[in-house]
Amino acid sequence: MLKRNAFLLGTAITASLLLTACGGGQDRQVIQNKGSDTLVNVAQAWAEAYQKVDPATVVAVSGGGSGTGIAALINGTVDIANASRAMKDKEIKLARDGGHDPIEHIVGYDALAVYLHADNPLTDISIEQLAQIYGDGGTFLKWTDLGVEVPGCKDQEIVVISRQNNSGTFAYFRKTILGKGDFRLGTRDMHGSKDVVDLVENTACAIGYSGLAYATDHLKLACISQQTGGECTSPSVATASDRSYPIARPLFMYTSGEPTGYVGEYLNWIKSNEGQCIILKKGYAPATDVSCD
Amino acid sequence: MFEATRINHKNLSRQNMFRLLLGGMTALLILPVILVLGTLIYKGAPVISFEFLFANPTNGMTAGGIFPALLGTILLVIVALLASVPLGVAAAIYLSEYAPDNWFTRAINIAIINLAGVPSIVHALFGLGAFVIFFRFGTSILAASLTLAIMTLPVVIVATRESLQAVPMAFREACWNMGATRWQTIRRIVLPNAVTGILTGVILEVSRTAGETAPIMFTGAVFFLPFLPQGVFDQTMALSLHLFVVSTQVPEMPEAVPYGVALVLIALVLLMNSVSIALRMYLRGKKKW
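Note that the protein sequences, when read in sequence, are chains A and F.
Residue numbering for the first sequence follows my numbering, beginning at 1 and increasing consecutively.
Residue numbering for the second sequence follows my numbering, beginning at 1 and increasing consecutively.
For the record, the hints were derived by calculation from the structure and aren't laboratory data.
Fair warning: there could be bad hints in the mix.
[Claimed, not checked] Pairwise CB distance ranges (calculated):
(1) A:N273 with F:V36: 42 to 50 Å
(2) A:E128 with F:V33: 44 to 52 Å
(3) F:F54 with A:D89: 24 to 32 Å
(4) A:T144 with F:Q15: 54 to 62 Å
(5) F:F54 with A:A56: 19 to 27 Å
(6) A:T144 with F:L271: 32 to 40 Å
(7) F:A63 with A:H191: 18 to 26 Å
(8) A:G230 with F:V36: 48 to 56 Å
[What the hints assert, rightly or not] Covered by chain F, per the in silico footprint, the following chain A stretches (three or more residues, Cβ under 8 Å):
(9) 61 to 71
(10) 223 to 232
Just so it is clear, CB atoms sit at the ideal spot from N, CA and C, and this is done for glycine as well.
Throw the hints in and build the complete structure from the sequences for me.
What follows is the structure, encoded as structure tokens:
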């Protein structure tokens, strides 16, 4: 009998909790926007600016990585997934099996810069050389292997900085530089583009990669060539736009099905002159020709 | 007349040596706390202002304040406490006062210990699967808080059970001999004497709940939300996630901002804790044994 009373008390508490939980009005439309850490700043800037365009629509932005966003699209927990790489066939199939048909929207381009310490005398680097530095079985372990001596770098050993494996930046860099190959063991995998840049800034021996938007005045951006000794191209918004920079990638937003209603309006605004000027201001190349003040 | 022999001297100097050594170790423990707090205050205090605490962020999070994140963390902690304290205390009372010592109770105990050892990211994925998707709460304060509640449940259960067991058996026996039922004994004698220990568990839970990032990342917290949450089915910004994103993802973030956010987070936890500490001291003063 007493045990039953205690049980009833517990049930009553739980029930009252659930009841109080069911409040809260919903008079605005919320767009769930999640994914790529590369895009998170632009996505946030878009969301912030869109408040003035349509106050009735609010955009909730979170990062976590392209993989996180795509997984959320597959689970149906987001309206728009941000990704700095294209969805894989396997992921598209998974999404379709769950009743979500992913539609791809290119919202901009990003030049992936190869970052060097400001004191590093190296100015240009080729895709082949990068593969030797980053690849499993690569032979470049010291800066002297590239014919330079970095002041302040003990033993000239290259400190190889990479990203965590659910990052779209990681996936794109791997595909473009290493093809089907794998990264070498012992890379420092950072959990954010800004972390990579911060570490390279403070480490003479370091080499790292991240979106151009994260560049600061305190480090060096390598000029990239296809073959060693070939003509190199520096990363910039212009060279990313005309695709002459060899490691520029499209930035994607994915929706489940062709976007309609307020989600469609938001995406149209992102692709419009106003939206594209925001991405340009954030250091990325716009997807279309724009004129901004 | 006592005369110290060589052995006495040796023992005495050894005693002094160990006292110094152990004391030094204890002092070392305080060092990290002082260093962490010192760094946070030194680097973070300059950005703390009324605006920083009570304004919305502007200009790509680099200006304005952190009010939505501050409020969000408070809401997450409160809802998590509402869920886990009644559940945890009820379970602990049952386990300590009613449950017979059989294989089933032992299995529950083992489950609780294991639950405490589950990494927070696993709780996060469980919360995503259970609350966000299966129960259709969506990514919301409710889903995030319930995930946090489940994560901290073992803390509450273990603390409560230990404080219940610290109440001398003689108190219960005396009570039963007067003809009181088990529930009357618990309600009038055991719980009032155990409440300080239960509050200790709650304090531990508050600190952990407010600081966790992983469990809320997939279940309810977002980096940017242009409105304040209106109910438990809304999403929210949170200090811990905000700190993580502004320190790893946002270029051109003024260096003082992440330190300021960290300082606010720690101050908030200390403030919430000091309320329960004060309550605990008040209740302990009323204790009659």
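Hints violated by the structure (numbers, ascending): Of the numbered hints, 3, 6 and 10 do not hold.
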